[in-house]
Amino acid sequence: MSAGAKKRIMREYGECMADTPPGMKINFDERNMTKWEVLLDGPDQSPYAGGHFKLEINFPNEYPFKPPVVSFKTKIYHPNVSNDDKGSMCLGLLRADEWKPPNKVVAVLRLIQTLMIEPNPDDAIEPSIANEYKENRKEFEKNVKDWVKRYAK
Amino acid sequence: MAFDEELAQLQKLSGEYEPEATGPLVGERQSSAAITTEYANADPIYRIKTAALPAKYAYFRTCRGDGHCGWRAIAFTYFEALVRVGNATKFTEEEARLSSMHNLLDSAGFPHDVYIDWAEEAFDLLRELAQSLRNEDGRAADLLLHKFNDLGTSLSIMTYFKLLASAWVQSNSENFKHFVPMGDVKTYCSLNIEAANCEIDNVAIVALSEAIITPAGIGFEIMYLDRSPGEEVNVTPFSQPTDHTGMPLPNPPVIRLLYRPGHYDILYKAGDFSPTVQHQPVQPQTPLHVALAAGYHDSFIPVDSNVDVMTMIPGMYSTGLGQRWPPVSYDFDPSPTPQAQMTPVQPYAPTPTPITSVPSTHQEYMSPVHASHMAHHNIQLEQPPVTLPIHPPRPPPLSIERSPLTIERGGPFRPSIYELEPGFASGQVHSLPFQTAIFRNSHYNTAHFLNPDFQPEEWSPDTEYSTANKGKYKST
Numbered sequence: 020m021s022a023g024a025k026k027r028i029m030r031e032y033g034e035c036m037a038d039t040p041p042g043m044k045i046n047f048d049e050r051n052m053t054k055w056e057v058l059l060d061g062p063d064q065s066p067y068a069g070g071h072f073k074l075e076i077n078f079p080n081e082y083p084f085k086p087p088v089v090s091f092k093t094k095i096y097h098p099n100v101s102n103d104d105k106g107s108m109c110l111g112l113l114r115a116d117e118w119k120p121p122n123k124v125v126a127v128l129r130l131i132q133t134l135m136i137e138p139n140p141d142d143a144i145e146p147s148i149a150n151e152y153k154e155n156r157k158e159f160e161k162n163v164k165d166w167v168k169r170y171a172k
Numbered sequence: 252m253a254f255d256e257e258l259a260q261l262q263k264l265s266g267e268y269e270p271e272a273t274g275p276l277v278g279e280r281q282s283s284a285a286i287t288t289e290y291a292n293a294d295p296i297y298r299i300k301t302a303a304l305p306a307k308y309a310y311f312r313t314c315r316g317d318g319h320c321g322w323r324a325i326a327f328t329y330f331e332a333l334v335r336v337g338n339a340t341k342f343t344e345e346e347a348r349l350s351s352m353h354n355l356l357d358s359a360g361f362p363h364d365v366y367i368d369w370a371e372e373a374f375d376l377l378r379e380l381a382q383s384l385r386n387e388d389g390r391a392a393d394l395l396l397h398k399f400n401d402l403g404t405s406l407s408i409m410t411y412f413k414l415l416a417s418a419w420v421q422s423n424s425e426n427f428k429h430f431v432p433m434g435d436v437k438t439y440c441s442l443n444i445e446a447a448n449c450e451i452d453n454v455a456i457v458a459l460s461e462a463i464i465t466p467a468g469i470g471f472e473i474m475y476l477d478r479s480p481g482e483e484v485n486v487t488p489f490s491q492p493t494d495h496t497g498m499p500l501p502n503p504p505v506i507r508l509l510y511r512p513g514h515y516d517i518l519y520k521a522g523d524f525s526p527t528v529q530h531q532p533v534q535p536q537t538p539l540h541v542a543l544a545a546g547y548h549d550s551f552i553p554v555d556s557n558v559d560v561m562t563m564i565p566g567m568y569s570t571g572l573g574q575r576w577p578p579v580s581y582d583f584d585p586s587p588t589p590q591a592q593m594t595p596v597q598p599y600a601p602t603p604t605p606i607t608s609v610p611s612t613h614q615e616y617m618s619p620v621h622a623s624h625m626a627h628h629n630i631q632l633e634q635p636p637v638t639l640p641i642h643p644p645r646p647p648p649l650s651i652e653r654s655p656l657t658i659e660r661g662g663p664f665r666p667s668i669y670e671l672e673p674g675f676a677s678g679q680v681h682s683l684p685f686q687t688a689i690f691r692n693s694h695y696n697t698a699h700f701l702n703p704d705f706q707p708e709e710w711s712p713d714t715e716y717s718t719a720n721k722g723k724y725k726s727t
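Here the protein sequences line up with chains A and B, keeping their order.
For the first sequence, the positions run 20 to 172 when the numbering used here is used.
For the second sequence, the positions run 252 to 727 when the numbering used here is used.
No lab work stands behind these hints, which were simulated from the structure alone.
Glycine is no exception: its CB is placed at the ideal position from the N, C-alpha and C atoms.
Do not rely on the hints blindly, as some may be mistaken.
Okay, derived cross-link-like pairs now, DSS-like style, lysine-lysine, Cα gap no bigger than 27 Å in a straight line [said to hold, decoys possible]:
id	chain 1	residue 1	chain 2	residue 2
1	B	K263	A	K123
2	A	K123	B	K437
3	B	K263	A	K92
4	A	K157	A	K94
5	B	K263	A	K105
Simulated restraints on C-beta separations [said to hold, decoys possible]:
id	chain 1	residue 1	chain 2	residue 2	range
6	B	D375	A	K168	52 to 58 Å
7	A	E56	B	N502	58 to 64 Å
8	A	Y32	B	D435	30 to 36 Å
9	A	H71	B	K437	43 to 49 Å
10	B	N426	A	I136	36 to 42 Å
11	A	N150	B	H397	38 to 44 Å
Go ahead and model the full structure; you've got the sequences and the hints to work with.
Quick look at the structure:
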């Protein structure tokens with residue numbers, strides 16, 4: 020990783036510390052600054068409320084010319100998060116072809132929170148969950164709460 | 252449902268597929284004859300266009316086809332053009348000028364702390380190149396190539412250029428909005444210019460040209476090589492720098508890119524690098540560009556002549572190219588005296604003194620109405636040509652102090668790229684840089700009867716049983 024990329028990650032960490040979005044905690048290891056651990060509370064106005072989710076943000080060597088990679092370490096019932104051991108989230112500005120080098124991690128964290136309040140079923144990685152979200156919101160919310168209870172307490 | 256998921260999975264895989272891009276980010280400068288060779292088996296339009304390429308654009312440089320090639324080519328050639336100008340103060344001026352555009356970046360909403368890193372990379376490079384020029388260590392070109400082959404550095408500089416292009420488009424949205432979908436300049440810039448992974452398009456090219464290249468006093472042309480009808484690549488000028496009075500700058504450095512659908516490489520004219528051209532005060536009217544075989548065919552019209560036995564040989568001009576290169580003798584002579592005489596044909600000698608004189612001509616040429624600078628050419632108008640030689644061969648010119656680039660044409664062959672290289676015609680048949688099947692059967696091979704240096708292959712008892720010479724060809 021180039022010196023420029025390290026400098027940028029350090030500075031972004033400083034910014035995140037100064038202005039952490041509510042309900043988030045960032046664990047940062049200086050020896051391995053390309054991997055951030057984020058602890059995220061389910062937003063109150065969402066069915067994820069009460070859950071605590073662990074995320075990982077990995078910065079590729081080419082950062083900021085390639086997007087950071089977001090993955091949920093806690094299982095989550097969500098149309099935009101893959102339901103496997105990776106728990107990857109890849110949409111919007113996180114997509115390789117939409118990522119812009121001036122984008123910052125804070126924007127990524129805000130995107131994650133927004134998506135928990137309002138999933139994007141049209142750009143889903145889990146089509147069946149997206150379908151349920153669109154057609155049977157009650158069943159969807161029930162499943163979400165069920166998973167929160169099982170995995171995210 | 253399972254089928255849908257499978258499809259979605261396949262779609263995802265194909266969307267994520269990236270062909271392995273190979274080669275250096277920016278390659279070494281090489282003879283553009285390589286492009287001709289590359290297209291030797293392509294369809295006729297490509298073949299004709301690429302065959303005409305090396306005569307005008309002697310060199311080219313590859314850029315890795317990783318989706319950034321156009322951005323990288325422009326950023327690289329911008330710095331390279333400044334190096335070619337060779338004026339260290341120009342680098343300081345450029346740094347000041349680029350910094351003065353940062354208010355555009357601010358008003359486009361880019362955070363200062365983010366873009367300043369990339370700007371600093373560009374400024375560092377400007378400073379290092381200026382320092383190298385001041386030291387006259389001759390390393391500037393190598394340093395530039397080295398820097399641009401560092402992924403981080405070249406991405407930083409390209410991103411800086413991208414942001415400048417985007418800010419330029421947004422601050423001149425009136426001019427650009429008719430060229431973007433729905434006139435939505437902001438969204439367009441975000442997706443097509445600022446995005447980390449987007450190929451350069453014409454809007455961005457115009458923006459870079461207006462924001463960065465033209466104000467630096469650099470010309471900018473793109474040669475489009477495609478299947479459109481024609482015998483040469485289509486040249487589109489994007490920048491023609493002018494001075495403060497609006498007059499075009501004399502002899503500006505020019506950035507030339509070769510565009511093949513989906514990919515950009517860099518082209519050069521031979522004069523871009525010839526020291527003879529660079530350090531000599533070049534008058535706009537000197538026949539030097541003629542000596543470099545650039546564009547002179549516009550000024551002459553071959554007149555039909557039944558004396559040209561070459562045309563009677565079937566298949567002689569099968570490519571249709573032979574006629575494009577009339578056997579007119581061009582003589583570069585530093586003295587302004589017009590030489591309206593029969594000139595001896597020199598064997599492509601870039602040496603100051605001609606070695607032998609072989610008077611020969613097969614065709615006669617008439618100059619068209621505009622004969623303003625005809626005095627520089629030696630045109631034979633003998634009629635009929637069989638009376639040759641009328642004049643005795645001219646003795647070697649005595650008044651040449653500098654080594655002029657002398658290339659004289661005696662046969663119906665267009666100039667070969669090798670003539671422009673140092674050491675050409677140093678007495679021996681130059682060694683071949685490569686030997687492919689395509690090459691062996693082309694007229695670039697001296698063993699081909701169309702080669703101006705035609706030299707039949709000879710049997711040599713020493714190599715009869717040698718098996719080790721295959722590898723030798725490639726190493727030169």
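Each hint tested on the structure:
no.: 1; hint: K263(B) / K123(A); result: holds (26 Å)
no.: 2; hint: K123(A) / K437(B); result: holds (19 Å)
no.: 3; hint: K263(B) / K92(A); result: holds (22 Å)
no.: 4; hint: K157(A) / K94(A); result: holds (20 Å)
no.: 5; hint: K263(B) / K105(A); result: holds (16 Å)
no.: 6; hint: D375(B) / K168(A): 52 to 58 Å; result: holds (55 Å)
no.: 7; hint: E56(A) / N502(B): 58 to 64 Å; result: holds (60 Å)
no.: 8; hint: Y32(A) / D435(B): 30 to 36 Å; result: holds (34 Å)
no.: 9; hint: H71(A) / K437(B): 43 to 49 Å; result: violated (38 Å)
no.: 10; hint: N426(B) / I136(A): 36 to 42 Å; result: holds (40 Å)
no.: 11; hint: N150(A) / H397(B): 38 to 44 Å; result: violated (54 Å)
Checked against the numbered hints above, the structure violates hints 9 and 11; every other hint is satisfied.
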